[in-house]
Amino acid sequence: MTSSLSTAVTSKSESPKEPKQLRKLFIGGLSFETTDASLRSHSEQWGMLTDCVAMRDPNTNRSRGFGFVTYATMEEVDAAMNARPHKVDGRVVEPKRAVSREDFQRPGAHLTTKKIFVSGIKEDTEEHYLRDYFEQYGKTEVTEIMTD
1 MTSSLSTAVT SKSESPKEPK QLRKLFIGGL SFETTDASLR SHSEQWGMLT DCVAMRDPNT
61 NRSRGFGFVT YATMEEVDAA MNARPHKVDG RVVEPKRAVS REDFQRPGAH LTTKKIFVSG
121 IKEDTEEHYL RDYFEQYGKT EVTEIMTD
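When we follow our numbering, the leftmost residue of the sequence shown carries the number 1, and every step to the right adds one.
Certain hints may be false.
Stated by the list, open to error - The list that follows gives simulated cross-link-like pairs (lysine-lysine, DSS-like), each with its CA atoms no further than 30 Å apart:
no., residue 1, residue 2
1, K115, K17
2, K20, K115
3, K24, K122
4, K87, K115
5, K139, K24
6, K96, K24
7, K20, K122
8, K96, K115
9, K17, K96
10, K139, K17
11, K24, K115
12, K122, K139
13, K20, K96
14, K20, K139
15, K115, K139
16, K96, K139
These are calculated hints, taken from the structure and not from any lab test.
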């Protein structure tokens, strides 16, 4: 009886197992002068892009001030997110993990976000109370209470 083992090698630039939506970033706050090319040039510092677009109004062709970049791997998305803040064409921009229109209204659509904002807490609440409460859901890296 013979058995054989076959393996397939997939290069890092091909990520069929990583869904496109998980490799995509929304880039907000773009300059109205930012082009696909300048956004691509900036974003390629963290990996290979499979798509890059600075959104424009279809009627006026004016920039809409935001765009999307899609990396080849989720690892590259993480590298780009860890390199924040970003400055494109002289303007600080806000990269966020993209959420599809279908998922946007669904509870839990932003589960990849690691930061939460809690409002309406009592003035005398201490950080350790918040940290202790949220530790039941997972490791808390930073707890900060901001006041006016």
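Hint-by-hint comparison with the structure:
1. K115 x K17: holds (26 Å)
2. K20 x K115: Between K20 and K115 the Cα gap is close to 23 Å, so the pair holds against 30 Å.
3. K24 x K122: Roughly 38 Å separates the two Cα atoms, so the pair is violated.
4. K87 x K115: With a Cα-Cα distance of about 21 Å, the restraint between K87 and K115 holds, given a limit of 30 Å.
5. K139 x K24: holds (26 Å)
6. K96 x K24: Distance of about 9 Å is within 30 Å: holds.
7. K20 x K122: Not OK: K20 and K122 at ~42 Å, beyond 30 Å, violated.
8. K96 x K115: holds (12 Å)
9. K17 x K96: holds (21 Å)
10. K139 x K17: With a Cα-Cα distance of about 27 Å, the restraint between K139 and K17 holds, given a limit of 30 Å.
11. K24 x K115: The hint holds at about 19 Å.
12. K122 x K139: holds (23 Å)
13. K20 x K96: OK: K20 and K96 at ~15 Å, within 30 Å.
14. K20 x K139: Since the Cα atoms of K20 and K139 sit roughly 28 Å apart, the hinted pair holds (cutoff 30 Å).
15. K115 x K139: Cα-Cα ~12 Å, so holds.
16. K96 x K139: Holds. K96 to K139 sits at ~22 Å (cutoff 30 Å).
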